[in-house]
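Enquirer: Using the hints, position chain B against chain A.
Number of protein chains: 2
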Amino acid sequence: MKKISLLGATGSVGTQTLQVVREHPDQFAVSALSFGENVERALPLIHEFKPELVSVKDKSVAERIRKDVPGHVKIVYGLEGMIEAAAYPKSEMLVNSVLGSIGLEPTLAAIEAGKTIGLANKETLVTAGHLVMERAKKSGVAILPIDSEHSAIFQSLQGQDRKAVSRLILTASGGSFRDRTREELRNVTVEDALKHPNWSMGAKITIDSATLMNKGLEVIEAHWLFHMPYDRIDAVIHKESIVHSLVEYADHSLIAQLGLPSMLVPIQYALTYPKRLELKQTKRLNLWETGSLHFQKVDRQRFPCLSLAYEAGKAGGSMPAALNAANEEAVQGFLSGRISFLDIETLVESALENHQIIKDPNLKAIEETDRRTRAFVRSQIEKKS
Amino acid sequence: MKKISLLGATGSVGTQTLQVVREHPDQFAVSALSFGENVERALPLIHEFKPELVSVKDKSVAERIRKDVPGHVKIVYGLEGMIEAAAYPKSEMLVNSVLGSIGLEPTLAAIEAGKTIGLANKETLVTAGHLVMERAKKSGVAILPIDSEHSAIFQSLQGQDRKAVSRLILTASGGSFRDRTREELRNVTVEDALKHPNWSMGAKITIDSATLMNKGLEVIEAHWLFHMPYDRIDAVIHKESIVHSLVEYADHSLIAQLGLPSMLVPIQYALTYPKRLELKQTKRLNLWETGSLHFQKVDRQRFPCLSLAYEAGKAGGSMPAALNAANEEAVQGFLSGRISFLDIETLVESALENHQIIKDPNLKAIEETDRRTRAFVRSQIEKKS
Chain A
0 MKKISLLGAT GSVGTQTLQV VREHPDQFAV SALSFGENVE RALPLIHEFK PELVSVKDKS
60 VAERIRKDVP GHVKIVYGLE GMIEAAAYPK SEMLVNSVLG SIGLEPTLAA IEAGKTIGLA
120 NKETLVTAGH LVMERAKKSG VAILPIDSEH SAIFQSLQGQ DRKAVSRLIL TASGGSFRDR
180 TREELRNVTV EDALKHPNWS MGAKITIDSA TLMNKGLEVI EAHWLFHMPY DRIDAVIHKE
240 SIVHSLVEYA DHSLIAQLGL PSMLVPIQYA LTYPKRLELK QTKRLNLWET GSLHFQKVDR
300 QRFPCLSLAY EAGKAGGSMP AALNAANEEA VQGFLSGRIS FLDIETLVES ALENHQIIKD
360 PNLKAIEETD RRTRAFVRSQ IEKKS
Chain B
0 MKKISLLGAT GSVGTQTLQV VREHPDQFAV SALSFGENVE RALPLIHEFK PELVSVKDKS
60 VAERIRKDVP GHVKIVYGLE GMIEAAAYPK SEMLVNSVLG SIGLEPTLAA IEAGKTIGLA
120 NKETLVTAGH LVMERAKKSG VAILPIDSEH SAIFQSLQGQ DRKAVSRLIL TASGGSFRDR
180 TREELRNVTV EDALKHPNWS MGAKITIDSA TLMNKGLEVI EAHWLFHMPY DRIDAVIHKE
240 SIVHSLVEYA DHSLIAQLGL PSMLVPIQYA LTYPKRLELK QTKRLNLWET GSLHFQKVDR
300 QRFPCLSLAY EAGKAGGSMP AALNAANEEA VQGFLSGRIS FLDIETLVES ALENHQIIKD
360 PNLKAIEETD RRTRAFVRSQ IEKKS
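Read top to bottom, the protein sequences are chains A and B.
The first sequence begins at 0 in numbering that gives the first Met the number 0 and counts up by one.
The second sequence begins at 0 in numbering that gives the first Met the number 0 and counts up by one.
Chain A extracted, bound-state conformation (with noise of 0.2 angstroms):
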């Protein structure tokens, strides 16, 4: 029975993160669990799941959610009351699905006490990959992707030959405004952006697909999670999301992992890894009913946001977190209303140019690079609107 600190229980990839627990109650529970105010949605799963510890948002949900939960659950709150659910001393294994930086410090008070890390939480290793990795590998513990593409370049790394890898390839689905041109880009609309033609995702995630930063956060996360220079990380359009990624090996051998869109795969994967169970919940792929797979390269002068994120990758120190920042602020402009959907770009590239790098950072400087740099997208933001 493996025991599991879950982050981010309401979110879409912690609710699939139940479904695989619901569907294998042999093999998991849930010991520790974190949401934020989404107090409807926790109750019945935290009835279900019966963690022994609960992170909330704040003091005042805690207070909400007191009655309501058996006697002997211990609730926590805050940075805080998140880090000891990721900590929790009868877990194995930390799903850590929260969204946004605050997924930073959990992660390595997780590492720090030895567990096996299921990383969703993509600002952990874009801001600070130097760090998490680094920490990780100190304390002899695994990170193990859950997103399709990672958790795809990981399975297609197992049982390879490590020294031999000449390139990881990212598949991009192309977001809601794949086929536009840079023309159409001009006046889309919230809600055009938020059509994405493959997975149903939050908001912010739609929106970074849309403009492939999505996809430039994970180079990012792919350099620092399998320790790859960015000139061998590539990305190409896959409209169908069937191939989740690829890896090229010296002999031009390329291993992918395929099949239908579902974050179940590779939530189960890092669950069950190395191991294999049935999943019920996802179809089957036959490559015969899907009929064609299509490819076409990145266009970066269409989305430069991904070249924003290479080069920041590059360049980085502290540069990632400024870009994380950045965007972060810049797609909340957007879905707000206040700034058009070219403006992230234009946003971010110009907090860039604006951050002075920090060499090494540590989590005290990432932290500042992150709330300058927000700053700075703010005090942009007010000026156009």
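Simulated from the structure, these hints should not be mistaken for laboratory data.
A few of these clues could be false.
Pairs involving identical chains hold if they fit within one copy or between any two copies, as the list cannot separate such chains.
[Unchecked claim] For lysine-lysine, the following DSSO-like pairs were computed, each having C-alpha atoms within a straight-line distance of at most 30 angstroms:
id, residue 1, residue 2
1, Lys-162, Lys-2
2, Lys-382, Lys-279
3, Lys-313, Lys-279
4, Lys-282, Lys-313
5, Lys-203, Lys-358
6, Lys-313, Lys-238
Expert: Leaving out everything else, chain B in the frame of chain A:
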């Protein structure tokens, strides 16, 4: 330095094996090689790779080459000679790329002698998979497949949970008549059949590719190589021959091996396994250059040879040996212009109907099956012509 015995050195796989050796002179050497009677092609190879033992078709060929080969090179011939080459004491590995059922006994001898086997000879597993795999297991010898499909499956199984394999999916180019109707197949010529869209291969395999018998034989090989029941081996038409085959797991995740069509990759992988080396002579696959990959269901009405192979495989015992012998004779009949393309399937079918199955056949029973089936098919061809 890995020392290799190479059977079938002047054939297509043989010469490509030597290309791989040539590219890595610090890694591989050829201790022993065999060829049939293509002296012109063989002599430069003998001078280049300097084997200590050379086996040829018969005594007359042996006498012909004696004066052109350095005096210290031992020259042997016939099946005896091939067995001596296969089990040559200084070799670590046998690469068996001879065509036809003559490849079986040398393989068994090499297994007995504890050599790693790189197997490009289909007939070995089709006719005697039960014997080969049993003896390989007993001797603790690895059987490494050398053809693109089984190598792809083998590569896609590395580091994965073997117990969780749910299906093997062999891709098939569909051969030269992929898009023809049954009606159009009626009058195809030998010349039509020999135009294979993706691979340049020998005449026999090219015809087998057009009838899909090639895929049928591969299904039987896959059954033995990967211990997989026939109802968990599938085939899919994939005209680009980029995805070389796939493995499906219990979680509906598929692992696949991809690359531009080249036999050099599976050959080198067998030689370097579990490592990989650079392979300069092959081209990198960029999926955006390929553009799209197509898949379609195999129409077993149009390609009954595939169904016949499944039936023979499921029947087991000596039936696959009968299938193979009948097919070889029928293809020969077609190539020599004595029967039509569609006669191939009819002849194979009647040979299977005519065959009295022998359970768990030994070498002698397999040879007997081969001999009798060939005689039966030949007599049928004579009746027709």
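Enquirer: Does the structure break any of the earlier hints, and which numbers would those be?
Expert: 2
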